[in-house]
Amino acid sequence: MDDLAALPVQPATAAVPILDIQGVGKRFAFGAETITALSGATLRIPKGQFVCLIGPSGCGKSTLLRMIAGFETASEGTLLMAGRHVAGPGPDRGMVFQDYGLFPWLTVRQNIGFGPAARGRPRAEVAATAARFLEMVGLTRFADAYPHQLSGGMKQRVAIARVLANQAEVVLMDEPFGALDAMTRENLQQELLQIWESAGLTIIFVTHAIEEAILLADRVVVMSPGPGRIVADERVPLPRPRDPTGVEFNALRRHLAALLGSQH
Amino acid sequence: MAAALGRGLASRQALLALAAPVLGLLAWHLATAGRPYSLVPPPWDVAVQWWDLAFGGVWDDLYSATLLDHTLASLGRVYGGFALAALVALPLGMLIGRVAVARDLLDPSLQILRPIPVTAWLPLAMIVFGIGPRSAFFLVFLGAFYPILLNTVFGVQSVEARLFEAAAMLGVSRQATFWKVVLPASLPSIFTGLRLGLGFAWVVIVVGEMTGVQTGLGAIIMEARQLSRTEIVISGMITIGLLGFLSDRLIQALGRRLLRWSPQHG
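Line by line, the protein sequences give chains A and B.
Take the first sequence: its position 176, counting from 1, is numbered 176 in this note's numbering, and each next residue is one higher.
Take the second sequence: its position 263, counting from 1, is numbered 263 in this note's numbering, and each next residue is one higher.
In case anyone wonders, no lab produced these hints; they're calculated from the structure.
Note that CB positions come from ideal geometry on N, CA and C, so glycine has one too.
Hints may contain errors.
[Stated by the list, open to error] Example chain A residues on the side facing chain B (calculated, C-beta under 8 Å, incomplete):
1) PHE30
2) ALA69
3) PRO89
4) GLY90
5) PRO91
6) ARG93
7) GLY94
8) PHE97
9) GLY101
10) GLY115
11) ARG119
12) ASN166
Whole structure, please, built from the sequences with the hints as guidance.
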C-alpha cells in the first residue's frame, strides 16, 4: 500500500506531449451566479498513453474531455494538441460517446466510412478503409445493417471503428461502456486494449468505475468536485493482461477508493 | 409453419377488414332498395352509375365515360398544387427552422395566418383568381402548404445535438453540416409533412372545384347534385376516396423505401 502511494507521479517530459493541458478551467454562468465546473487542470499526456479520468459526477471529467474535443472552450488556461491550440472539434481528436452518436440513416459501413467520405477521400479508398475497420471490430457480417438493428455493444464497436477509420490520433471516450451489460463491457474492454496496442493510439477514457480504470489505464487521473479539479495522478505499474483478483490490483483499487472517498 | 401461420393471420386480417364495408353495404341496401322515394339510391344503382361514368354503355348520356377526364383534371390540380406547396414550404421550413433571422421575420406572420381555415380563403381566392381552376389550384396549394411547412420546421429543429458533435469531430465543416446531418436527420419529419399535405390536398380539392370549374371530381359532384343525380354524387365521392387512398399508399411505399433506416418507418 505504502509503496504504491509513494509511486512518483511522473511528469511526462519525454519529447513534446501530444496533449498539453495547462491550468485549464471552465466556468458557466448560471443565472446571476457563476459555477466553476473545473479549475486549474494541468496534464501532459505523451503519445501512446492510455489515461483514465476518474471521479464522481460534478468533478469536471466530462467537461475536461469536451474541452479537449473542442466542443467547449476553456475559460482559463491553455490546451495544446500536438503543439497547436485547440480551436474547435477536429478529426485528430475522435470522440466516442456513451450514447454512441451514430448516424441512424447510414449503414454500419457508411458510418465507419463517414469521416473519410466527408473529407473528400476517393470512393475506393473510403470503401477499403471501411472494410478494414469493419474487420477490426468484427462487424463485417453487419456491414449493411442500420444502427437501430444493432445491440448496444455493436453500436459502440461501430463508434470506435468510425473514429479509428478517420485516423484520429487521440481517442476521447466518455464513459463509453457505461450503458452496456457486464459481459459486453468486459469483451469491449479487451478489444479496446488490443486495438490500442496495435494501433499506437493515445486514449483518454472517462469513467467512474475504479476497476475499469485500473484494468485499462497506464495512468489514472483522479478528480474531485466542488469545484472540479485534479487531486491525484497515479501510474498503474501492472503488466497486461491484468488480473482484477490480484493482490497489487486490489491494493491499487483500495488506494484509489481512498483518494475518491476522502473528498466527500 | 411460420409462413403458413403468417398467411393465416393475413387472411384473417383481410377478412376482418372486409367485414365492415360488406355490413355497411348490406345495411345501405336494406334501407334503400325497393323504396321509390328514397333520397339515397341503393348501392346497386350507384354501382351501375359508376360503371357508366367510367366506361359508358349503360345510360349513354352527357356523363357517360367521362370519369377519366374528371379524374385527370382533379389529379393534375391535387399533384400540381401539392408540388408547388412542397417547392415553397420545404426550403422555407428549413430556413425558418435553422436561421434565427428567418424565424424572427416570418414565423409570427405565419402563425397568425395559419388558423384561417382553407375554406375561408375561398371567397378571396375567387375574387383574386376568378371562378375557375386557378382558385382550386390555389386552395390545394394552401391546404398542403402548412402541414409540409410545420413538419419541416419541426424536423430541422429537432436534430439531436449529439449528431452535430459527431459530425464536427469527424471533420465535417459547418457549411457541409446541413447536407450531411440536418437534412437526412429531418427526413422522417419532412416525410410526415408531405404525407399529411397530400391528404389535405385531397380534402381541399372538392371545395376548390365547387367554384364553377367545368371538369373535376368536385365539379361533377356539385353539378350532379343540382340535377338530382345522387348516384353520380356518390360515385364521385367513392372515386375521390379510392384515389386519396391509393395516393397515400403510394407515398407510404415511397417512405418505406427512403426511410428504411428509421425504426418508425422501415
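Verification of the supplied hints:
no.	hint	result
1	PHE30	violated, 19 Å
2	ALA69	holds, 6 Å
3	PRO89	holds, 4 Å
4	GLY90	holds, 7 Å
5	PRO91	holds, 4 Å
6	ARG93	holds, 7 Å
7	GLY94	holds, 6 Å
8	PHE97	holds, 6 Å
9	GLY101	holds, 4 Å
10	GLY115	holds, 4 Å
11	ARG119	holds, 5 Å
12	ASN166	holds, 5 Å
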